[in-house]
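Undergrad: Those protein sequences? They're chains P and R, same order as listed. In terms of our numbering, the first sequence is numbered consecutively and its last residue is 532. In terms of our numbering, the second sequence is numbered consecutively and its last residue is 1572.
Among the hints, erroneous ones may be present.
Claimed, not checked - To list a few chain R residues with every Cβ distance to chain P over 10 angstroms, as calculated:
id, residue
1, 1131
2, 1193
3, 1214
4, 1215
5, 1256
6, 1395
Unchecked claim - The calculated label-pair distances, taken between Cβ atoms and stated as ranges, are:
id, chain 1, residue 1, chain 2, residue 2, range
7, R, 1289, P, 139, 27 to 35 angstroms
8, P, 320, R, 1361, 45 to 53 angstroms
9, R, 1526, P, 139, 56 to 64 angstroms
10, R, 1361, P, 468, 53 to 61 angstroms
11, R, 1324, P, 387, 14 to 22 angstroms
12, R, 1123, P, 387, 28 to 36 angstroms
13, R, 1324, P, 476, 52 to 60 angstroms
14, P, 30, R, 1217, 42 to 50 angstroms
Hints are computed from structural coordinates only; laboratory data are not their basis. Note that the Cβ used here is the ideal one computed from N, Cα and C, for glycine as well.
So you can see what is in the structure, the chains are spelled out below.
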Amino acid sequence: MSPDGPDALGVLTALRDGIGAARTLGLDVGRAEAIAAEGADRLGLTPDAYVVALVGGTGVGKSTLLNALAGSQVSAAGARRPTTGAPVAWAAADVIDEVKPLLARLGIERAQLHAQAELRSVVIVDLPDVDSLEAGHRSIVADTLPKIDVVAWVVDPEKYADAVLHDDFLREWMGRLDRQVVVLNKADRLDADAQRRVAADVRRMVREVGKREIPVIETAAADGADGVATLRRWLADAAAAKVVVAGRLAASGRAAVTELANAAGVAGNGASPLIPQVDQRAAIDGAIEEVLRVVDLRGTERQAVAGTRAAARRRGTGPIGLLTSAVYRLSGRARASADVGGFLRSWRNRGGLVRATEVIRQAIGDALPGVPPALRPRYAASGEGADLEGRLGTAVDRLVLRHSEVEVPRSRLWPLIGLLQTMNTLLLVFSVAWVILWVIARPEVASYTVPVLGPIPAPMLLLFVALAAGYVLARLLGLHAGWLGWRWARRLSGAVRADVRRAVEAAAFAPIERIEASRTELAAALARAHRD
Amino acid sequence: MTEPPTESGPIVQQLTELAERLGDLASRRPLANHASDGVTRRAAQLQDSLRAHILPRARSLDAPLLVLLIGPTGAGKSSLMNALAGFDASPSGVTRPTTREIVVVAAPGARDQLLGDGLPLSMLAGGRVRYLEYADMPEDIALIDSPDVDSIEHANRALTERLAEAADLGIFVTTATRYADRVPWEVLARMRDRGLPLVVVVNRMPSDPGDSATILDDVQRLLAEAGIRTDGVELVAITEGELDPSVDGLAHDAVQPVRARMDALGADREARRDLAARALAGSLAGLAPLVQRVADDLEHEAIEADAVRRFAAHAFDTESAALRERLVGGTFLRAEALRQWQAFVGADEITRFFSSGIGKLRGTISALVRGSPRAPVAEVREDALADLTALARSHAGEAARRTATAWSDERSTRDLVAQDAGLWSVSADFDAAIRTRLEAWVAGIAEDVQQTGGSKRLLARGASVGVNAAGIGVMLATFANTGGITGAEVGVAAATGFVNQKLLEALFGEAALVEMIGRARSNLQGVVDATFTDERGRYEGLVPDGAALRDLASAMRAAAGEITALQPASHS
């Protein structure tokens, strides 16, 4: 810690960051904002003095205590309950001008001045009670406390276990204050043994509520006994005023960030994910399978192979193949069974995404019991059905569009086969013509004898050869196109699968990731607020 | 006024029954509990007042008087108790709160009359009773030391407030420090309303006579402002330090006015009966305003209950409508199953049923040669039911989420959705429940098919299609049959729908088919409605019905009116 005390400005900045993150998480930041605003306000005011308030129930002797400290009548004490109705301040005369803005902030009009050097930087305020029939008193205290730098909680043996003080004040405030003391007043009303037991009980309670050591001073205000001197020492003992103020601002800022962090389920060592990674991955895998079933990879592969074959048929089958592929195209069969792009684009006709989104929603719902209640609305909204379906659907649309633009593969082999096929067709035409001439017309051409290879006349042979070659070429083309198409289909379906994975990964838990980002910011703010 | 108004018997009985109804509602009143502590407290007060005081007191005015010491922590109730009892009965102490159970002191032989089953003390304090007998105690008087009303032990206040309902005489103990504390005055206000005769003791008074007089005046003023009349002995002031160490209590002389009052009561049966009757009359007089306030509470609660129920109703109605819309469209069905179905209904062997000419001939020959193809009944059914379940869960889950989100914004229901994380999504057995219903729905369709087609052409012509297959056809038609599908429409669903419908029309005739599809559709709506009603019921079960609350409120107001009519004005 620096000599100037904790870095109040740093804590308040961290608080601002924390508020920003908490707001995106849908948390209630009203109180934290008030604390941040109060802190900024206080930082700009009177660094050389700080305000100590006496807070307690009616009749515990707050005014008497202040009078004992002052050595003169500052605040009217009395038997009639409640005594003090409006806050009274007690300040050193030579700093009064500087502390006026502080008092104005507290709405205090009456100030008694003193010349005690050791309490020069301390402004003591006697507040009204917290528990009497006068409800207005209690609200004065509640409104003033956020602006108080140091608190002396005043109790007595009768009232130290009252529910009002504990439930509405100690529990609420002890964690948000830095410097504070519990004054067990009227201790002299008990005998020594009882005094010890009561003091021990008060210490136990203070430890329970304050969760740290807070000094307990026993006083007997009426007769100015030792206790009052101890209290005076405790007051005068404080470090420089600005350290005290910085301590208070840092404590309340830290308490506010911690409160926000608790609401977001964020601990000091960071934020453990709301949905365990392992469950997210399982849900993503499940959703991918469901999406792929609608996109239909096997159907896509069939279409790809058929499309490649059709493309090959156009290029590599010669004149007859051209005819058949034209028939295919014109009849619409090509569009129904050999159009990968169209098939992919029409994926929505093959079913809805509900089963895919349900896998994700289930994962979100399963983790909900571990989500802090304040975070649940925002968290659960990230599984909103229509939203999720929309996100996922758009992602699939986009990837499908990308892949449906892909060109069907071609091969240089096909025109070659086409050329051979065309030549072969010519050969076929020639041999048919020859056979017709030879068999039917039988021209008298003595000058030339039909060559005979073994028992078979050449025209016939040529016809068979041409037919066989045509068949072989067509098979060759079919096999090659099938092989090429198959390879392409595998590549395409692999790419679609990978894209679907990317799309699901991006779309499934996107809002959860934003929530996690805000929680991480909040965790960072928490760490920064506590760094000092 | 020594006798209680006997004609009040039936109406008290009736009120007791109303209070029982109120008690039954208690477990379902998270709204009331959060609206304010007062609501639950008043409901309990009403029950306690009836069961622990009015009914037993009306049965017997001679049962021992219950004299209750009541006050803030550290006021010296136990010290006063010990002084009054004359022995070390209730340990006093310096650490707060001291007394955590009730201490009852009575003359020997009264135990059964005090702690018997169903008697006020055992009813209210349960096991937290320490019972002591002491020969010096006046006859038929039980002196009771109660825990505090204002310490961090909140259970203490609850117990003491219940005891205050049953007491016949209250001794309110406060101190010079305490007398203006708010909490004890809240308790006193109730004691005033229920007309409990009261003695006020101010302990730890300053020795300075001036201060002492100031305080006593101020206490008098506060008592007057609160409309509290003390009983017989007015204010008893005890100066700080007036102690009697032999009994661990206050000095005998200091408490003498109170002890004298007790002794007088002990010696005089008529005086006891008179006090008991006054306490009873006070309780009865306090009943009407209490009942009215409870009725107010119930009416406020009804408004809140209606509001939060409306959130649930709106969310579930909206989602149910959205689901209906998507069911009719049929696009949620996945193509795999439909393709299988198309392969079946589009096969030549099946199309012969609705083809003519060459198609019919070809189909008949195929059927002769190959037999009929197997209908993919189980596969299509499984897939369609899984799709339906997922779709319904998605919408029901959305309704649950929206309800829980709305409820988490309401003060009254915030804790409910914070405690039960299950309220943010569908119930755990949603899938199983809707699955059972959907299976019954499919079975119902098959039955319908049998009844419609059994006597007609189905068995004669479509035996090869089978009842179950025809049922699946009708089920699919329920989603796809929008009347306007033509063969030119793309998409497997449309194509399947077309052929499927052709087949079904051939089997059943168009009119019968339309009827059958209509029935299947409305039954499916029934399945959805029943499921959504169950899901919504989870929320409505947590919040009482506004109408029931208003009924109870108006019954209470009627009873309160009758009670008021019975009471002479002097008790108010």
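Undergrad: It remains to establish, for every hint, whether it holds in the given structure.
TA: Quick rundown of the hints versus the structure:
The beta carbon of residue 1131 of chain R is kept farther than 10 angstroms from every beta carbon of chain P, the shortest such distance being approximately 26 angstroms. No Cβ of chain P approaches the Cβ of residue 1193 of chain R within 10 angstroms, the least distance being about 17 angstroms, so the stated non-interface status holds. Some Cβ of chain P comes within 10 angstroms of the Cβ of residue 1214 of chain R; the nearest lies about 5 angstroms off, and the non-interface call is violated. Some Cβ of chain P comes within 10 angstroms of the Cβ of residue 1215 of chain R; the nearest lies about 5 angstroms off, and the non-interface call is violated.
Once the 10 angstroms rule is applied to beta carbons, residue 1256 of chain R is consistent with being away from chain P; the minimum gap is 24 angstroms. The claim that residue 1395 of chain R is not at the interface with chain P is violated, since a C-beta of that chain comes within 10 angstroms of its own (minimum 7 angstroms). Separation of residue 1289 of chain R from residue 139 of chain P is about 29 angstroms and conforms to the stated range, judged on CB atoms against 27 to 35 angstroms. A hinted range of 45 to 53 angstroms for the beta carbons of residue 320 of chain P and residue 1361 of chain R is inconsistent with their spacing of about 32 angstroms.
Between residue 1526 of chain R and residue 139 of chain P the beta carbons are some 57 angstroms apart, a value that agrees with the proposed interval 56 to 64 angstroms. Checking the proposed 53 to 61 angstroms range against residue 1361 of chain R and residue 468 of chain P shows it is violated: the Cβ atoms sit about 38 angstroms from each other. Hint check: residue 1324 of chain R to residue 387 of chain P, Cβ distance near 20 angstroms, so the stated range 14 to 22 angstroms holds. A beta carbon spacing of about 56 angstroms between residue 1123 of chain R and residue 387 of chain P contradicts the range 28 to 36 angstroms that was offered as a hint.
For residue 1324 of chain R and residue 476 of chain P, the Cβ-Cβ distance of about 58 angstroms falls inside the hinted range of 52 to 60 angstroms, so the restraint holds. Here the CB-CB span from residue 30 of chain P to residue 1217 of chain R is close to 45 angstroms, well matched to the stated 42 to 50 angstroms.
The structure shown violates the earlier hints numbered 3, 4, 6, 8, 10 and 12.
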